[in-house]
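Asker: Given the coordinates of chain A, assemble chains B, C and D onto it according to the supplied hints.
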Amino acid sequence: MIRFEPDRSQYPQPGDDGKLEIDLETGKYLKLWHGPNHPGITGNMSVELTLCGDEVVEGKVHVGYLHRGFEKLMERRTFIQVFPIVCRVCVPEPDFNEWCYAQAVEELAGIEAPEMAQWTRTLILEMGRFNSYMMAMGGIGGALGMGVIGQWMTYVRDLMLDRFEEMTGARIYHMFILPGGVRGHLPEGFAGRMEEVLATAERYLADVDKAMFTNAVFKARTKGVGVIDPALFEPYGVTGPNARAGGVAKDLRKDAPYLVYDQLDFEVVTETASDIWARAMVRRRDIDVSIALIRQILAKMPKDGPVMAKLPNVLHWKIPRGETYVAGESSRGEYGYYLVTDGSGYPRRVNVRGPSYTHAMALLEHLIPGTNIADVAALMVSLHTYPPEIER
Amino acid sequence: MKDIDKSFRKDTETEFPLREELKPRSVTAPDGQVIEIDPLQDYFCQEPPKVHKQSYFRIVEDFYNWARAHSLWILGFGTGCGAIEMRPLMTPRFDAYRYGIQWRPTPRQANLLVISGYLSVKTLKRAIRAYEQMPQPKYVVGLGSCTINGGMYWDSYNTIKRLDDYLPVDLYIAGCMPRPEALLAGFMDLKKLIRKGKAEGANKYAENFDWYKANQKSVIKDWDMPDYNW
Amino acid sequence: MMRDLHDHLKTRYRLGDLAERRANLAFVDVARADLRALLVELRDVHGFTHLSLLTAVDWIEEGRFQLTYLMNNRTANRSLGLRVFLDRADPVGDTIHDLWPTAATYQRELREMFGIAFPGSPRVDEEFILEGWTDMPPYRRDFDTLAYSQQTFSDREGRETHDPRAHMAKKLNPEGQR
Amino acid sequence: MGNLRDVLSPFTAWKHLIETPVTIRNPIGREAADGYRGFHQNDIEKCIGCGSCEVICQNAAIDMVPVSAPVDGDSGLRPKIDYGRCCWCALCVDVCMTGSLTMSNEYTWVDADPDAFRFIPGVDPKPWDDMEKGYRREGARVLTGAERVEMGELPPEARIDNFDEIVVGYTREQAMIEADRCVECGLCVATCPAHMDIPDYIAAIREGDYDLGLQILYETNPFSEVCGRVCTHKCETACAARHEGDPIAIRWLKRHIVDNVSEDRRLEIVGTPQALPTGRKVAIVGAGPAGLTAAYDLARQGHAVTVYEAQDKPGGMMRYGIPEYRLPYDALDRDIAVIAAQGVTIKTGVRIGREIAMDKLRGEFDAVVLSIGLHIGRSTRIPGTEGPGVEAAIDLLARITAGEEVPVPERVVVIGGGNVAMDIARSMARLQKRKHGAVGVTVTALEDFAHFLADREEIEESFDEGIEIVDARGPQEVVRYKSGKRKGAVKGLRTWAVTSIFDGQGRFAPQYDQGDERLHPADMVVEAIGQAADVSILGEDLTEALEWTRGRLAVDPAGRSSEPWLWAAGDAVHGPDVITAVADGHRVAASVGAMLMAMGEVAR
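Protein chains in written order, with the working numbering: chain A, 1 to 392; chain B, 1 to 230; chain C, 1 to 178; chain D, 1 to 604.
Don't read these hints as lab results, they were simulated from the structure. In this text, all values refer to a predicted model and were calculated from it rather than measured experimentally. The beta-carbon is built from N, C-alpha and C at its ideal position, and this holds for glycine as well. Treat the hints loosely; a few may be bogus.
[To be verified] DEER-style ranges, computed between Cβ atoms:
(1) A/306 / D/130: 38 to 44 Å
(2) D/43 / A/306: 25 to 31 Å
(3) A/190 / B/21: 52 to 58 Å
(4) D/548 / C/163: 37 to 43 Å
(5) D/264 / C/22: 46 to 52 Å
(6) C/163 / D/507: 18 to 24 Å
(7) D/45 / B/70: 45 to 51 Å
(8) C/163 / B/197: 45 to 51 Å
(9) A/306 / D/45: 28 to 34 Å
(10) D/43 / A/310: 25 to 31 Å
(11) D/43 / A/76: 31 to 37 Å
(12) D/140 / B/129: 49 to 55 Å
(13) C/163 / D/521: 56 to 62 Å
(14) A/195 / B/70: 37 to 43 Å
Extracted from the complex, chain A is given alone in its bound form:
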């Protein structure tokens, strides 16, 4: 493989304190705002890049463009009123918020959701994971100029959104996982229609394998690029597929099974290279796991049964003082809710631990220096970060 090696002698050298001395006025450097309005950015965020030639010497991540103050808003909403807003914390995979919040509330209030609800929740989470991966897959293709991958994946995702719609009554913000259970049963014939979607997805994914993963250009641009040293995983809080791409076989679904994952049969996907290609491949293979899981859940889940536990009157629902942390394996890594209650009718504090928080901030800033400007978009997309969960 031919790689262009720039002459780094002209690059800024770290000063005595280890910091780069960058004087923009010298004309040697170019400051480039990658976002917030930029086709190569993962959502509404921005990276302030300092370039020397076409190599990035420094990158500062700027977030907050989507900050709505969720954690503050939740403190002035009752426990049931928080339910509709949590899903908005992460737009592409909202269901994880719903589940984490519901689970945390149930834990502190001493409620247990019925079995049927547990299965339905697992199904929703896997469907959400599938959708999230579809966006990631399309994003990686798009970031490397393969727009058609994005077109295909968005189409397949849309088919899944149709299933979401008939099941939950909404396309994006499903608001289906209430504290105490779920809102309803699966519609008639759902499994059959789901199977059609999964079959279509598999057909398109086979095309993705051919058009992207075996594509010489894709390989050239991703293999060996954006490598995260596995030694950085712990210090930088890298979890989920990003860590699995570096050979860390950690998956909360397996390690700390929640919902009904202990009754499902699946394996933890890993790669070893820890580069962009490996991260894409882990996700690609995890889609297959998700598809298999959806099929398993639909086959194994009970056909009928109550979906809601008995709740107190939610209009004046108080939860005793306590704190808990509920986490699960989202499509991007450890997604958790830290909930503190103080005995009143409102949460004392809700903190959302989104995996993007660590991946897109400290880790990305660490990875960017030294990359080529053309690879920055691919690097970001390969970390699979969603800005709304960083700033909330």
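Answerer: Then chains B, C and D, alone, in the frame of chain A:
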């Protein structure tokens, strides 16, 4: 505008300092030449926007409007949640391109700014810049509850409530968030407005420029950029 | 298991009682001076290598902030939440960015949203999420987001609501008789 | 470098060129899923305007706006939704107490006017009003409790031979669960004759603050212990929870508060009048709920109140009409003790009109309140009612209370279907059980079970106690033995089946099916068809001077008669239950108080 409670406006008296790179200074180029620059003078326009005059002949204006209606070029700036439902429109399933709608990466090539839901104050600043950089005639569509009356972030300290206080909105689409089909219906309605010559938001912005600026500056407390951003 | 660990650590650090939430999750109060040594020991000896999150809770009635360091042992899948209390009047925390570089981000957020200082943490005083913020740190309990929003952003006019009880009293019993 | 396959394989994507396009031909207006959460619909006939949707909406998207005039159990308000706020979470649909609020699967609404996005579903016509599809709540309401906590009762076999109180009362846990179901809409407040602050005292139970609860009770009702047991609880018919589930057990919750505050503590909380003595004197005739409530209020205002009672003990119908198994006398005594503690003088055994003339009262007091109740039993006046073996229910009940001997034959037939009929039937059943070891009571009522006047639980409990209730029977004759040893004694009651009770204009005019005749064997017939006031106490002159409407004393809305010094309250003028009497007492006291205050001003 509301009476302002001073306790929530601690720093309104002091002018926010201009960003460093916008200040006048002298720069030594690599070849040793010294250049005096004043970015506000050199890089930015000094004129407020002007009303886009209609053609003298009605038939010509109608023709222009017909043409404008059939080429809605949307700025691909996902300002909030609603952006996720724009993506399906760009794919074959909903295929907005057949209606003459397409997305552009830069404001210079776009004539339609879609505010996809809530705007945090930080994004509002960028949205204003993006809007002002768009060439006339230009249109703004607000997606969802948030742009109409604050939506579910009605009590948030960081999101605006009424989009029409800060930007001239030509059309609103209800929903949280509106589905792709609803967006298409909205764009079709916008086309009708344009053809009737009723989508005059940009002119309204030019006519009431001071009012809009005052509103914008009342929430963007670190106004460290020029007033005219094109 | 958590209890064993707690008993083991209690001899050398000033720890509060162990509050067990689940078999694999517990919280414990830690004296601020012992925090760093404890974190290092947890990380290096007991396998709590993963910092799940670092956040704060404002106990305004008690006049203090609670910092929660949620440590996770990824091999044993156990989490231990360390609670450190800071004086709310002058909240200063100890930076741990050298132990976990990612903590710098959390500390920046805490600085901005709660006004808790972390001297020595990189870029801690830079704006993080907010921009041009002039009010008190918004996650503090005494910051009223609704009032701020009403003061800063205008509502669309013309809305009026009626309380059913008061409305019926007014209509059916206008003299307010019992 | 990749091999040749890596270069060529991407071109396999070209096969999509010959595939059928996935494009939706006409996406605009494409129908959403059946259960889609689209725009709101509201069945405004079903909606009661309780405002639960507004309360649960975390976006403050819903305003309650007046659409129709308020009536019992319907505030007349309807939700107006602001689509500049709504997030389509459908919590409003889930919480809706009547199930009137739903969502269609319509989702397209575009407008250039931002103020257009507000509407009252079901009132402002919208294209989706009649759409069948859309989000509906699946199954029962789960966000607020639908089922009432069952009240513990003595089992029939344990209660039938004694007058012990049947209802056990809620435990704290039960009360907490029941109180938790309340959605605090307050529709009940308007329906309650005394406008008690029902949601507030229920909230006090949830908080476990019984002192506060008692304080709230006493603001509107000094007979909370009585009402907590025997109130006709009209409030529960207005309860929002009754539409899809059981109404909140408001009466039992009220009782629960009083049960949980000791007598001493109660006196402490209520305290004594804070107002300075005004020197004004008020006489109240009749120590029933209306009179004593008025006495309580006036005493709290600082007036000197004297209550005259003909019977040996105060309480009126609460003591002499309501059997002990429903309202134990000590419960009543506790309520009266609080009133007496306000400095009210209660003179029992004094019959106005006999021992003291009304004129004397007029001379001695600044104002007189007449609250004499309805103590004369009405008769059906059917053949055979005159003579031995036919009794008035109200007399019997009073005699039982007073401890007098009453006839307890083996077979008793009661005429009437109201609560008094049930009271006497059940009292007689108890006495029969004691005396004969068996119950032999038949209740004949004009109404059929669907329109029964007595409370449902009264009927059910009566059945449990072995009482026979025959509905839709019109009494025709009390049949007496024509000859033999028992000549003249009651043999039974002859009845016809009722086909209708009211005529087309709604007037009382029962129609019978004469072919369906039955004889209910009995040794005694008890008439329980209503009572009348004993107005003879007024004396002829006063009766002449006062205005009357249809045999009742005419009073203005505040209870003042045509004589400026005389007020009337309670059953005698308004009826028909304790809580109405309490409300009346308050009203009259306010009017009297205002008059006395005005007198004070003039005197000064």
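Asker: All hints, please: hold or fail.
Answerer: Comparing the hints with the structure gives:
For the pair residue 306 of chain A and residue 130 of chain D, the beta carbons lie near 32 Å from each other, so the given range of 38 to 44 Å is not met. About 27 Å separates the C-beta atoms of residue 43 of chain D and residue 306 of chain A, a value consistent with the hinted range of 25 to 31 Å. In this structure the supplied range 52 to 58 Å holds for residue 190 of chain A paired with residue 21 of chain B, their Cβ-Cβ distance being about 57 Å. The given range of 37 to 43 Å is respected by residue 548 of chain D and residue 163 of chain C, whose C-beta atoms sit roughly 41 Å from each other.
Between residue 264 of chain D and residue 22 of chain C, the C-beta spacing of about 47 Å keeps the proposed range 46 to 52 Å intact. A C-beta distance of roughly 40 Å is found between residue 163 of chain C and residue 507 of chain D, which places it outside the suggested range of 18 to 24 Å. Roughly 48 Å separates the CB atoms of residue 45 of chain D and residue 70 of chain B, a value that falls within the hinted 45 to 51 Å. Taken as a hint, the range 45 to 51 Å holds for the pair residue 163 of chain C and residue 197 of chain B, whose Cβ atoms sit roughly 46 Å apart.
Checked against the hint of 28 to 34 Å, the pair residue 306 of chain A and residue 45 of chain D passes, with Cβ atoms roughly 31 Å apart. Look at residue 43 of chain D against residue 310 of chain A: about 27 Å separates their beta carbons, and that is inside 25 to 31 Å. Remark: the range hint 31 to 37 Å for residue 43 of chain D to residue 76 of chain A is upheld by a beta-carbon distance near 32 Å. For residue 140 of chain D paired with residue 129 of chain B, a C-beta distance near 53 Å keeps the hint of 49 to 55 Å intact.
Distance hint check for residue 163 of chain C and residue 521 of chain D: the Cβ-Cβ separation is about 58 Å, which falls inside the suggested range of 56 to 62 Å. Judged by the Cβ atoms, the range 37 to 43 Å given for residue 195 of chain A and residue 70 of chain B holds: they are separated by roughly 41 Å.
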